[in-house]
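Can you join these two chains into the complex? Each is in its own frame, and there are hints to help.
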Amino acid sequence: MKFKLMVNEQVRPIDADEATPLLWVIRETLGLTGTKFGCGIGACGACTVHVNGRPMRSCVVPVRAVASAAVTTIEGLGASSMHPVQQAWIDAQVPQCGYCQTGVIMTVAALLEENPEPSEDDLARQLSNLCRCGTYTRMRKAIRILRRS
Amino acid sequence: MGKLNRRAFLASGAVLGGGLLLAYFAIPKRLSLHADAGDDRLFLATWLRIAPDGAVTVLVPHAEMGQGVHTALPMMLAEELDADWPQVRVEQAPAEGVYAVGDLVRGFGIGDWRIPSALLRQVDYAAYRIADLIHMQTTGGSSSVRFTGHLGMRRAGAAARNLLLQAAARRWQVGISECQTDSGHVLHPPSGRSAGYGDLAEAAARERLDPDPPLKARARYRICGRPLARVDLPALVTGSARFGIDIRLPGMKFAAIRHAPVFDGVAVSCDAAAVRGLPGVQRVVKLPSAVVVVADGFWQATNALRGLPVEFDEGAHGRFNSEELTKEFDHMLSGADPTVDARIGQPEAVLAAAEDPIEAVYEIPFLAHATMEPVNCTAWFRDGKLDIWTGTQDPLATRARGAQIADLDTDAVTVHPVPLGGGFGRRLPSHLNYVEDAVRVAMEVPFPIQMIWSREEDIQHDYYRPAGKSRFRARIGSDLRPLIWDNVYTDIGLNEDRDAALIPYDIPNQRIGRVRHKTPVPLGYWRSVEHSMHGFFTESFVDELAHRAGADPLSYRLGLLKNRPRHRAVLSRAADLLGWGTAPEVGRGCGLALCECFGSIVAEAVQIRVSGDGELRVERVTAAVDPGEVINPDIAAAQIEGGIVFGLGAALWGRISIEQGRVVQGNFSDYELMRLADCPEITVEFIESGAAIGGLGEVGVPPVAAALANAIFAASGRRIRRLPMLGPERRLMG
Chain A
82 MKFKLMVNEQ
92 VRPIDADEAT
102 PLLWVIRETL
112 GLTGTKFGCG
122 IGACGACTVH
132 VNGRPMRSCV
142 VPVRAVASAA
152 VTTIEGLGAS
162 SMHPVQQAWI
172 DAQVPQCGYC
182 QTGVIMTVAA
192 LLEENPEPSE
202 DDLARQLSNL
212 CRCGTYTRMR
222 KAIRILRRS
Chain R
981 MGKLNRRAFL
991 ASGAVLGGGL
1001 LLAYFAIPKR
1011 LSLHADAGDD
1021 RLFLATWLRI
1031 APDGAVTVLV
1041 PHAEMGQGVH
1051 TALPMMLAEE
1061 LDADWPQVRV
1071 EQAPAEGVYA
1081 VGDLVRGFGI
1091 GDWRIPSALL
1101 RQVDYAAYRI
1111 ADLIHMQTTG
1121 GSSSVRFTGH
1131 LGMRRAGAAA
1141 RNLLLQAAAR
1151 RWQVGISECQ
1161 TDSGHVLHPP
1171 SGRSAGYGDL
1181 AEAAARERLD
1191 PDPPLKARAR
1201 YRICGRPLAR
1211 VDLPALVTGS
1221 ARFGIDIRLP
1231 GMKFAAIRHA
1241 PVFDGVAVSC
1251 DAAAVRGLPG
1261 VQRVVKLPSA
1271 VVVVADGFWQ
1281 ATNALRGLPV
1291 EFDEGAHGRF
1301 NSEELTKEFD
1311 HMLSGADPTV
1321 DARIGQPEAV
1331 LAAAEDPIEA
1341 VYEIPFLAHA
1351 TMEPVNCTAW
1361 FRDGKLDIWT
1371 GTQDPLATRA
1381 RGAQIADLDT
1391 DAVTVHPVPL
1401 GGGFGRRLPS
1411 HLNYVEDAVR
1421 VAMEVPFPIQ
1431 MIWSREEDIQ
1441 HDYYRPAGKS
1451 RFRARIGSDL
1461 RPLIWDNVYT
1471 DIGLNEDRDA
1481 ALIPYDIPNQ
1491 RIGRVRHKTP
1501 VPLGYWRSVE
1511 HSMHGFFTES
1521 FVDELAHRAG
1531 ADPLSYRLGL
1541 LKNRPRHRAV
1551 LSRAADLLGW
1561 GTAPEVGRGC
1571 GLALCECFGS
1581 IVAEAVQIRV
1591 SGDGELRVER
1601 VTAAVDPGEV
1611 INPDIAAAQI
1621 EGGIVFGLGA
1631 ALWGRISIEQ
1641 GRVVQGNFSD
1651 YELMRLADCP
1661 EITVEFIESG
1671 AAIGGLGEVG
1681 VPPVAAALAN
1691 AIFAASGRRI
1701 RRLPMLGPER
1711 RLMG
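Protein chains in written order, with our numbering: chain A, 82 to 230; chain R, 981 to 1714.
Excised from the complex, chain R in its bound form (with noise of 0.2 Å):
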């Protein structure tokens, strides 16, 4: 597609053989396109196509990673479009350039700002344009609802129930607006007449499109705001899902991998005639950085691998240590000056003039990110042609980095998109070592292969979520409200959003800043990224400060966020489900907490009991979350009690370390997740403001590390203010 010069927007078209179908077009140098069915590459642009038997398919250009966006994304269309929902097909769009997601680069460049009808489509194609150079197709930032739903599915929607009108009014002979929509038809309440959108779409092909239809006012919703059942779960229940892993090619072998040990090190050489006559043993494969065993099946390659001989350089990074990078931080943290984020106010003056001021020091470990499917890619270099089937949460950049990798044109290369096992993260387009590893194997063999990490690779060469420290200086009031809160944290990386460390409450001197600092260790995107870490930090400590004003930690918050009326609404909401007042037994405790980030506000309240020995039980956790608009309730809870999993398990028993160069953990034996027994009940609400939709994927992880560190010092008076918090014995440390 990529070699013509083409303009892409939102147009309609014929269906060959009948039927209507919406997409961004990508032709040459047309402003408007009408029947053009011969060309069957007008497909892969499709967003919509509506065929004569009624059925509606959408393609979705997001991977489903479980967030159940292949099921609200659709709904979102469907919605506009007044579609029968049973009738609603998803497929995956391919990983093609006219599918990059110019949606994400609106949304995030200019938010909500109403764009003029008359720039809409330049707008739009400009957006796309910038998608499709920098080849995105990005599945992260909690983005695709917030942006390629509302502002490209839902136009999407509108604007085809709009020709189905026009198509059904011109055939009846009557005006539009005595024509109405309704569960897959037109009708027209003055005669009794209807008509299905099947048997409308092919004349609606031919009617004019209107790129900025008005959109449904919401109290006329049909499908979304229902708990409306997933699409794919039949599939995972009964194990017929395919995943990266599950890819099955003739004549394919499979290849185990080891890495250097130390980040950056190299394979210098190994001796692939100790393994060369084990069975099934087809290639021995060094790497600039690893060696690879391919074999007929995955246990003898990996058998094979670990009885190879290689050796190593370590490189310049063989006497990293993470527990002297933290020494680090607290020389970085009473050193330089920080660059700062924010200031309001005199803080400088204000922090000087106190005499003793309240300090704390949070810290927060490197983590991975450890999906359930261990990372991998099948990759097939046959007629100059490279074919990748693979789990990523952006297929068009898999397909460059492949490209580049393998120093083939971009057309030469085909990623096929499948659902992932997990992503979290580790699957954005800077963190694919996965990819790169199994397409200079592919390159190699003249077979197709299928590389999988083993649970140790897939750890210990992670990109991993950065460690920190956070510094907080504060001095409280004769009224006791904060007069100054001062915050410096380190930042190795990844911190991106100047926003995250800011912080709601109504304080009049504040400073906000980071002290940087270069680290070996990979970095990487880890659910909520940066939010993950000033979570945990802002929200301990304005917990600190309620308990030294001796308020009650929520109604000090409320006292603090007079004129933030969606976030006191979160966090009394969140406090309520939890029972919050009521008098505790010995040993339990409640504590709360308040994020906002991805456009969305959420709180979340967590009831503990703790012995006097530090054994902890985290029983209960609410959470109450204004992402303006819910399009499923069910999946969007479901999202937010994941995210709370995600975030209490990294807080209870999180932690990369780094020895000599080498991650140390391994495997879910030292790297341990949150199992069944663990899980508290854990009870979600969600209040529909009615502001601009925010995303969900990631909003349930940043309160939840800090509502239990306030409930454990509710309940003990121990403050936790490192993670993770729990020993080799499962009591609490420190």
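The following block holds chain A by itself, in its conformation from the complex (with noise of 0.2 Å):
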């Protein structure tokens, strides 16, 4: 199936069969390999990216479902410079192996979008991200700062 995917405010051709999730379409066919595949089942994060704003698990979504959509992935978060929330988590030095980091912010970034004032609780809901080098104090510390800021 041929068809044009807007991914990070631009319009990419894409040849793909619609039944591909949109993960291997973004790291295979557009060569952005910031998204990461951590599980292939939704379970982890590290697959995320920003279909119309709102975070979505790019493994589990088929491309054919957002190709109407606006996709952003993390190189097309901070393009200009770098996003308060990538710089939060230098700021905290979050990452240890960092493999899971680029889908943790993703999803940091589009929850702060939708409430900049994140109780512990709305968070601990939400961000259900996998990290086995086990940074979650660190993601609180950036989550704070960013608060304050």
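A few of these clues could be false.
What the hints assert, rightly or not - Only some residues are given here: those of chain A computed to face chain R with a beta carbon under 8 Å:
(1) Phe84
(2) Leu111
(3) Phe118
(4) Cys120
(5) Gly121
(6) Gly159
(7) Ser162
(8) Pro165
(9) Gln174
(10) Pro176
(11) Ile186
(12) Gly215
(13) Thr216
(14) Arg219
What the hints assert, rightly or not - So the derived label-pair ranges between C-beta atoms look like this:
(15) A/Gln91 to R/Glu1709: 20 to 26 Å
(16) R/Val1566 to A/Asp203: 26 to 32 Å
(17) A/Asp172 to R/Pro1564: 33 to 39 Å
(18) R/Asp1389 to A/Ser161: 45 to 51 Å
(19) A/Glu201 to R/Arg1228: 35 to 41 Å
(20) R/Val1246 to A/Ser162: 42 to 48 Å
(21) R/Asp1190 to A/Ser162: 43 to 49 Å
(22) A/Ile122 to R/Lys1365: 46 to 52 Å
Hints are computed from structural coordinates only; laboratory data are not their basis. Cβ coordinates follow ideal geometry from the N, Cα and C atoms, glycine included.
Put into structure tokens, the structure is as follows:
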């Protein structure tokens, strides 16, 4: 199937099976490797991107479902200068191996867009991404930095 | 490099185009070397380059997998060099024999013995040669800072600083003792002259190198001991960092793999014709124990693999069951004489005299590593040469294994080290099945392939932390102190550290031993290795003794640690941080545990709340750690925080079970890891006792399961002796 996809504010022609998960179109067809593969079942959040501003786990979203949507990947989040979430992630020295963090950052950026003052409960419910290095303490610290600013 | 008869040692030389380099040079039959700039192979051996513009480049032989080693090791070198930290650049050293990590051999082999200067070169050389011979470029065992940093990086920095001082003194015709260094400059205070390192670098390369320079006094540290930012984080938060799975090569295809479901099973046949016409499919490859589909895209390969009819032979282990193994453990513990690790006093006699010994048996399951980046490997065989791109905890061992699988000379194989999306032991030299598979496929196709394991393959074909049981018997004397500590544990493999089950407590009669058993389960080093088991076992049992004695678990332990000031200090501090001793509310409880491992001493305290029907909430964890010395307190704290989360998740949910020779769990839906919602508040403090520097990557893990179980007992009177603790409803089991 040939179609066009809006990714990071650019229209990109795509030729892929319509059932292909968005993740693999982003990583392989478009070569944007900042979005990661972690589980393939939407359980870990490493593949999180924004679809029309909402966080979505791209490993379980067939590309046909977003054909008319605006997709933002980590490469598009801080394209001109670092996004505040990315900066807070550095300020709090959050990442360890860093593999899951682009997905975490995309999730947090969308979450704060919707609700700039999330409670601990909001966070616990909505930030369910997995981090095997165990950087959760630092994630909380970074989010506190973002709340203050 | 390997074909000439070479010698390697710390030496210095000039860089082509000016500047200084300091290296483990590999040169034929010469004991010193000066400007030999025409040989670009010298660059391969470089640890340190100082360019004419003053930029200092440090090459780090170890893998970055989130532990911050690409920041901490250069900090150690820069400190001794007295470099200006913003001018320091870091590069990953390549997988070349000259980067074999000899300091690990020296560190593990002879520990902290002071080696006479006259012998230092020979000892360094011997250690390097051993590391080179065994293809050792390992990142593991919490050893990079301890050994490569302390024995290698610091010395390299100090040696280079000496050369720069000598060059300045010669230029200014002054005594070297009148010169000093500061932030990338040599200064001569009497005359007010100063020169930048870049300006002096080329001249410094002609000075005489002292291979055993004195190191800085810690009071003069300006870089080490500070919470400097990790050098690699900007690339990680922008997504521009390239992990193994992000490698892209011209014409590269993607490979999906399905292994024989039973350990040591065989792929007998597959019907390749059934998938050959599917979109994007390029090849179907049958390996000895797996089938692989190579396609234009990974999704296409995965889809085709799903539809590929395969016949697997189960081999000998199709009936293996981990539940039966635990019964076998009971049999082992009640039967054969153990191999004794340690014996103190008259344990048999004292135990025989005990009428009703206190007895407890603890149990732990197999565990998978589950790195967030599923294991993967990119390989390209062309013109008789093989290139491998992969996240590995040992690039040299990966090269050797790749060459062996491909039946090539080691020199025909190049490994390109990349950052790891998690390691935790999964990517150590004996666990390279993901490299072997990819190399076998690459040898059969004319294009580069990237093989990615699905999460299910990653979890079901890992090398697992051994399962086991540990039995304790003890007797408490009239003074309420333990008279006898008798511990026998099951050993199905990888219990290599004979000290791991030892306890720091002053108990007059002890017997600690193991009973061995073989299983078909592939076993692996898992963050903190055998300490992940014995930490839970021993610290749970000492807690049981404290309660039997009617004593506070903190003061009971302190009473048994009279001659262990470092242990006492961390234990007291972790307890203080938690607010130990304040009257707990109903349903709340606190627990403690202590562990000495990887050269560090760590205590952790846990506060929990548990409801009447077993719903558990881990509220707070505090840790006090004495690693002797801390290089970067922020990175160090992150390692302890991460270790606590790693250990807690395993204690609560971690379990790999095996039925009919197959791993039952397959993804994060049934192999659960800790998430933000479950993560307690964590506080970490360091006590720098000044003892020999210890490791930090693993030491956060071992105490936490026991501290948690002890807290649950304090809150509810329920003693958890089996991991994981939580059942299907997320409630306490057992």
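Structure-based check of all given hints:
1. With 8 Å as the threshold, the beta carbon of A/Phe84 stays out of range of chain R, its nearest partner Cβ sitting at about 16 Å, so the hint is violated.
2. The closest approach between the C-beta of A/Leu111 and any C-beta of chain R is roughly 11 Å, which is over the 8 Å cut-off, so the hint fails.
3. At its closest, the beta carbon of A/Phe118 sits 7 Å from a beta carbon of chain R; the interface hint therefore holds under the 8 Å criterion.
4. Interface hint status for A/Cys120: upheld, as the beta-carbon distance to the closest one in chain R is roughly 5 Å, under 8 Å.
5. With its C-beta approaching chain R no nearer than about 6 Å, A/Gly121 sits inside the 8 Å limit, and its interface hint holds.
6. Because the closest C-beta pair between A/Gly159 and chain R is about 6 Å apart, less than 8 Å, the hint holds.
7. Taking 8 Å as the C-beta contact cut-off toward chain R, the hint placing A/Ser162 at the interface is violated, the least distance being around 11 Å.
8. Interface restraint check: A/Pro165 against chain R, minimum CB-CB distance 11 Å, threshold 8 Å, status violated.
9. This hint holds: A/Gln174 has a C-beta 6 Å from the nearest C-beta of chain R, less than the 8 Å allowed.
10. With 8 Å as the threshold, the beta carbon of A/Pro176 comes within range of chain R, its nearest partner Cβ sitting at about 5 Å, so the hint holds.
11. The beta carbon of A/Ile186 comes within 6 Å of a beta carbon in chain R, closer than 8 Å, and the hint placing it at the interface holds.
12. With a cut of 8 Å, the hint placing A/Gly215 at the interface with chain R holds, because the nearest CB-to-CB distance is about 3 Å.
13. Look at A/Thr216: its Cβ gets to within about 7 Å of chain R, closer than 8 Å, so that hint holds up.
14. A hinted interface residue such as A/Arg219 counts as satisfied when its beta carbon comes closer than 8 Å to some beta carbon of chain R; here the least separation is about 7 Å, so the hint holds.
15. In this structure, A/Gln91 and R/Glu1709 break the distance hint of 20 to 26 Å, their C-beta atoms being roughly 48 Å apart.
16. About 29 Å separates the C-beta atoms of R/Val1566 and A/Asp203, a value consistent with the hinted range of 26 to 32 Å.
17. Here the CB-CB span from A/Asp172 to R/Pro1564 is close to 36 Å, well matched to the stated 33 to 39 Å.
18. The supplied range of 45 to 51 Å is met by R/Asp1389 and A/Ser161, whose beta-carbon atoms lie about 49 Å from each other.
19. Between A/Glu201 and R/Arg1228 the CB atoms are about 40 Å apart, so this pair conforms to the stated range of 35 to 41 Å.
20. Roughly 55 Å separates the CB atoms of R/Val1246 and A/Ser162, a value that falls outside the hinted 42 to 48 Å.
21. In this structure the supplied range 43 to 49 Å holds for R/Asp1190 paired with A/Ser162, their Cβ-Cβ distance being about 47 Å.
22. Checked against the hint of 46 to 52 Å, the pair A/Ile122 and R/Lys1365 fails, with Cβ atoms roughly 38 Å apart.
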